[in-house]
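Visitor: Below, each chain spelled out in residue letters.
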Amino acid sequence: MIELRVLSYSHDEERIGFTDPPRATPRPINIGERAGMAMLATGAFAFVICGMAGVRRGSWPALIASFGLITIGGCVYYWRRWAGSTPGIKHDGNTFNNVQTRGLWAWGLAIVITLFYIAYYWYHELKAIGMPPVLDGTIRLVDPLSLALRGKPADQWFMYSFLYTLAVLIFGVRMVMKYRHNRYHLIRTASVSFFQLGFAFLLPGILVALHQPDHYFTYFWPLSPQPLWPGDGYGFGAGKFHALADKGVMGMFILGFSAFMFLLATPVLTYLFGKRWYCSWVCGCGGLAETLGDPWRQLSDKSTTAWKIERWMIHSVLVAIVLVTAFLWIDYAQSGAITGTWAMPLRKVYYFVIVQVFAGVIGVGFYPLMGSRVWCRFGCPMAAALGILQRYFSRFRITTNGGQCMSCGNCSTYCEMGIDVRGYAQRGENIVRASCVGCGVCAAVCPRGVLKLENGASSEGRYEGVGGPLPQLVHDLRNPPVAQQAEGPARIAQTREGTR
Amino acid sequence: MCHAAIIGNGIAGITAARRLRALRPDWRISVISGESRYHYSRPALMYIFMGHMRYADTKPFEDRVWADERIELVRDWVTEIDVAASRLRLHAGGTLAYDKLLIATGSQSNRFGWPGQDLRRVQGLYDLIDLHTLTENMRDTRRSVIVGGGLIGVELAEMLHSRGVHVTMLIRETDYWRNVLPAEESAMVSRLIRHEGFDLRLETRLAEILDDGTGAAWAVVTDRGERIEAQLVGLTVGVSPNIDLVRDTAIKAGRGVLVDESLRTNVDNIWAAGDCAEIVRPHVERNLLQQVWYTGKAQGRVAGEAMAGVETRYEPGIWYNSAKFLDLEYQTYGDVRPNPRDGERHLWWEHADGRKGVRLVCDSAGVFIGLNTMGVRYRHEVCEGWIRDRRSIDDVVAQLPQANFDSEFSRRYESEIAATMREQTR
Ligand SMILES: Cc1cc2nc3c(=O)[nH]c(=O)nc-3n(C[C@H](O)[C@H](O)[C@H](O)COP(=O)(O)OP(=O)(O)OC[C@H]3O[C@@H](n4cnc5c(N)ncnc54)[C@H](O)[C@@H]3O)c2cc1C
Ligand code: SF4
Ligand code: SF4
Chain A
1 MIELRVLSYS HDEERIGFTD PPRATPRPIN IGERAGMAML ATGAFAFVIC GMAGVRRGSW
61 PALIASFGLI TIGGCVYYWR RWAGSTPGIK HDGNTFNNVQ TRGLWAWGLA IVITLFYIAY
121 YWYHELKAIG MPPVLDGTIR LVDPLSLALR GKPADQWFMY SFLYTLAVLI FGVRMVMKYR
181 HNRYHLIRTA SVSFFQLGFA FLLPGILVAL HQPDHYFTYF WPLSPQPLWP GDGYGFGAGK
241 FHALADKGVM GMFILGFSAF MFLLATPVLT YLFGKRWYCS WVCGCGGLAE TLGDPWRQLS
301 DKSTTAWKIE RWMIHSVLVA IVLVTAFLWI DYAQSGAITG TWAMPLRKVY YFVIVQVFAG
361 VIGVGFYPLM GSRVWCRFGC PMAAALGILQ RYFSRFRITT NGGQCMSCGN CSTYCEMGID
421 VRGYAQRGEN IVRASCVGCG VCAAVCPRGV LKLENGASSE GRYEGVGGPL PQLVHDLRNP
481 PVAQQAEGPA RIAQTREGTR
Chain B
1 MCHAAIIGNG IAGITAARRL RALRPDWRIS VISGESRYHY SRPALMYIFM GHMRYADTKP
61 FEDRVWADER IELVRDWVTE IDVAASRLRL HAGGTLAYDK LLIATGSQSN RFGWPGQDLR
121 RVQGLYDLID LHTLTENMRD TRRSVIVGGG LIGVELAEML HSRGVHVTML IRETDYWRNV
181 LPAEESAMVS RLIRHEGFDL RLETRLAEIL DDGTGAAWAV VTDRGERIEA QLVGLTVGVS
241 PNIDLVRDTA IKAGRGVLVD ESLRTNVDNI WAAGDCAEIV RPHVERNLLQ QVWYTGKAQG
301 RVAGEAMAGV ETRYEPGIWY NSAKFLDLEY QTYGDVRPNP RDGERHLWWE HADGRKGVRL
361 VCDSAGVFIG LNTMGVRYRH EVCEGWIRDR RSIDDVVAQL PQANFDSEFS RRYESEIAAT
421 MREQTR
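These protein sequence lines are chains A and B, in that order.
Just so you know, the first sequence maps onto residues 1 to 500 in the working numbering.
Just so you know, the second sequence maps onto residues 1 to 426 in the working numbering.
Since the hints were made in silico from the structure, they are not lab data.
In this text the structure is predicted, and so the values were computed from the model without any measurement.
C-beta atoms are modelled at their ideal positions from N, C-alpha and C, and glycine is treated no differently.
Incorrect hints may appear among the rest.
[Said to hold, decoys possible] Below, a sample of chain A positions facing chain B; criterion: calculated Cβ distance under 8 angstroms:
#1 GLY17
#2 ASP92
#3 ARG422
#4 PRO480
Work out the full structure: start from the sequences and follow the hints.
Guide: Written as C-alpha cells, this is what we have:
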C-alpha cells in the first residue's frame, strides 16, 4: 500500500517550483558589514550632493568623501560579509533573492546602469539636446585624480573608465572573499584587477600626461578595431591608423603591438591555454563580468536554442568586423580619403550598433536581466575568433572525473556562458566548447569535484573521430547543436591525455 | 508494437528508458512516476531548498528530449501491478497494459517505530514531497533535531542551518558516520559539524518524540533521558528499497525486489533496477543492494538492454562514491573499511589545518586496495587503475602526483603525503 500522504501529493513543481523557505532567525549582520554599509551610504550621499550641486572644480576632500568612502565602504562590506562564513561555495538564497532573479530590484538596477551608459556614451549628443548638467558635477568630482594622473581635467571618458575600474576592484574584493578557498580564482581575480587598473586605467592616463596617444593595451582588433581602421581619429567611431602612424615611435609601437597581439600572440596563447588567457584573465569586459557580474551569472540561458542563436550571432559579428575593416581599406585605397567615402556609413553603423549599444549598453546594462556575459557570448568578435581557435586548435579542455557526476546541475547553472556543462559531465565526456571562457566557476561549484580546467599535452582528443580540425569544423557546420541525445552511459571517462 | 512500461523516473528508470530507445526505435516506451513529471537529480534536493538552484535547474535533460525520443511521461502513482494480466492500475484512474515492465521505484526513508514518529513536523528527506513538506514546516521551526548521522542527515542539517534553524544531531555511533568512515575521517567531519555550530550528540539515540497537544512535534527525548526542544524532527536513519508495489504479488522480494544478474525478476517480463533492486548472484552469498546514483545509472543501462532482449549482465565494478559534508569534499575508491581487517594496513595523512586528509589501504601482501580523500580531489581513472592492476602500495605512494585532480594553482601535498606514508610503511 502506498501512503496516503504520498498519493495525495499534487504540488506543481513545474509551474510553482519551490519557494523561499521561511527563516527562523534573520541572517546576522556583523559590525564590519554595518560599518561598510554606513560608509557606502555616506559616500553615495556625498556623490549625489556633489553631482547635483554641479561643482565647478573638484577637490580631494570631495573626491575622498564620495568615491573614497564608496570604495572603502564597498570593500569593507564585502570583506566582512564573506569573512562571516567558512571558506567554500556559499550560494544560499541566490534563487530567492529579488535582485538576482529578475525581480523588481533587478529591473530597477538594469535601468539605472543602462541610463548611466547612455548618459556617458552619448554625452555630447545628449548635452546638445539639453541634458541637465548633473553629469558635469560628477565629472568635475574626479578632476583632482585626472589632473594628478593625466595633467588635465577629467572628461566623461575618464570618469567612465574610473567608475569601471572601481567596480572591478570593489567587486574583485567580493570575488576574492567568496572564492578564497580556491587559488585559481584568487589569482585570476588578481589578474583581471591588475590589467584593468594598470593597463586600462593608469597606463592610458600616463600616456596622456606624456602627450602620447591614450591607447588601451588590453584591447586589440577585432574587439577594439579602431587602431587598425584607416583614419585620423576624428569623427564618430573613426579609425586611428593614420593618427597613430604619425605619432612617432609610440604610435608605431602601438600599431606593431596591435598587429602582433592579433596575428601571433593570440593564436599561440590560445593554443597553449585556451581563450581564457584573454577572456577571464586580461580583458576588461571579462574583468567586469567576473567581478561585478558574478551575482548574475546564473541567469544565462542554457537551452539548445540559445546555443544555436549564439552560434549565428557571434559569428555574424565576426564576419561583419572583417568586412567593415576590409571595406574601409578598399575604400581608402580607391579614394585616398582616410575618413572614407562609401564605407564610412558601414563603420558608423558597426560602431553604434556593436561597440556602443551591444557591448556597452546591453552588455553591462542587462547584467541583472540576462547574466554577465551577454556580450561575450553573443556579440564579441574577439570571443568568436578565440572560440574557433579554442575549439579546433587548443590544448585547453575541462576534464570530467570519470563517473563521479551525479547530475546535480550546479555547474550548468553557474556557467555564465550558458554551457550545459552537466550535459557533458554526466556522460563522462570532457568539455571542449568554443564559448568556454575558462572562468573555472563550474569546477569550483561542483560539489563532487568532477571538473578540472586543464591544458592537455596536445590538441588531440577534440575531433570526435572525424580526424582533425578541418573535418571537425565541416562536421560542426553541417550538424547544428541538438538537445542531448545521450542515453546516459555509465561509461568511465577517459581522462588520460588525448582521449575523451 | 511492444509496449515497455517503466515505473519511476529516477536515474535508474530514465537511463533504462533512454537506453531502450536507442536499441529499440519502434517500441512504445512509457515512464510512470508520481513524484514529478520530469526526471530531476535527487542529490540536488538540498540545493533547491538552500536557493542555489531552482527546481528547473536540477533537471538533467531539456524537456524537449522526451518528445524528441518519443518517451511518454505519465505523472501518476501506480497503485497495483497485475502480474497475471500484465497491467498497471493507476491512482488517478485507469489502467495501463504493458508487454515488458521495469520497476525502478527507488527507496523510502527508514522509520524504526519510535513513539511519536507519525506526528506532524516529523519527516525524512528523500523526495520532492519531503521538500515541499519541509518548506511548509519551516514556518513554525526555530530548533530542530536530526536523528541519524549519514549523508542525508548532514545535508538536512546544512539546509536547516542555512535558514537560521538551530540544529541538534543525534548520532548512535562514537563519531559522525563512524560505521562507514574510518576514525580520522569521521573525527574530521565531526569537528567541522561542531565548528559550524551544530550541537552534535554522539552515542545518543532517539527514545521518543513528544506531542505539543495539536498532533505536532515539540521536543524529543533521548535514550539518556534528555529532553531537547525541536519544532522539526528529521529522521535520516537510512533508506530501504521501496517495494510497496510488489508486496502480495507473484514478484519475489527480499529486502528489495529480487533480480538476477540481468536484473530480471522471477516473472518473465518484469525487471527491476536502481535502489529498489536486490541482485542475487551465483556463487556469491551476499546479495547486492546498491543505493547510490552511480549504481542506479549503471543498472538502468543494463535494464534497458535486458528489456530490449540484448545479452547483458550487471557487473558492479570497482566501488567509488563521493559526497560533501558542509564545505568538505570526500571521495572514496575501492575497499576502505571503517576499521582495518586482519592484516590490512591503513596509511593516513592529515594536513595541519585538519581539513584535508588522504588514506591509502593495502592488504597483508602490500597490494593497494582502496583510498579515501578528504578535501582533496583525485582522478577516478588513475585510482581505479591502481586498484584494478593490483599495484603495490609503494608504487601508489610513488605515483600519487598523477592522481591529483585539484584545480590549477592549488597547493599540492603529494610529496608531504608520500613522506608520511613511507614513514608508516617502514
Ligand atoms: C537527499 C539525498 C541525497 C543523495 N545524494 C546522493 C549523492 O550525493 N550521491 C549518490 O550517489 N547518491 C545520492 N543519493 C541517493 C540517490 O539519489 C539514489 O540512489 C538514486 O536517486 C536512486 O535512483 P532510482 O532511480 O533507483 O530511484 P529514485 O530516484 O528514488 O526514483 C524512484 C521514482 O519512482 C517513483 N515511484 C515510486 N513508487 C511509485 C509508484 N508506486 N508509482 C509511480 N511512481 C513511483 C518515485 O516517484 C520516484 O521518482 C541521495 C539521495 C537523497 C535522498
Ligand atoms: S564551462 Fe566552466 S569554465 Fe567554461 S565558462 Fe562555463 S563555468 Fe566558466
Ligand atoms: S559536474 Fe558536478 S556540478 Fe555538474 S552536474 Fe555533475 S556533480 Fe553536479
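Visitor: Now, for every hint given, state plainly whether the structure supports it.
Guide: Hints versus structure:
Because the closest C-beta pair between GLY17 of chain A and chain B is about 5 angstroms apart, less than 8 angstroms, the hint holds. Against a cut-off of 8 angstroms between C-beta atoms, the interface hint on ASP92 of chain A holds, since the closest Cβ of chain B lies about 5 angstroms away. A least Cβ separation of about 6 angstroms between ARG422 of chain A and chain B falls short of the 8 angstroms threshold, and the interface hint therefore holds. Because the closest C-beta pair between PRO480 of chain A and chain B is about 14 angstroms apart, greater than 8 angstroms, the hint is violated.
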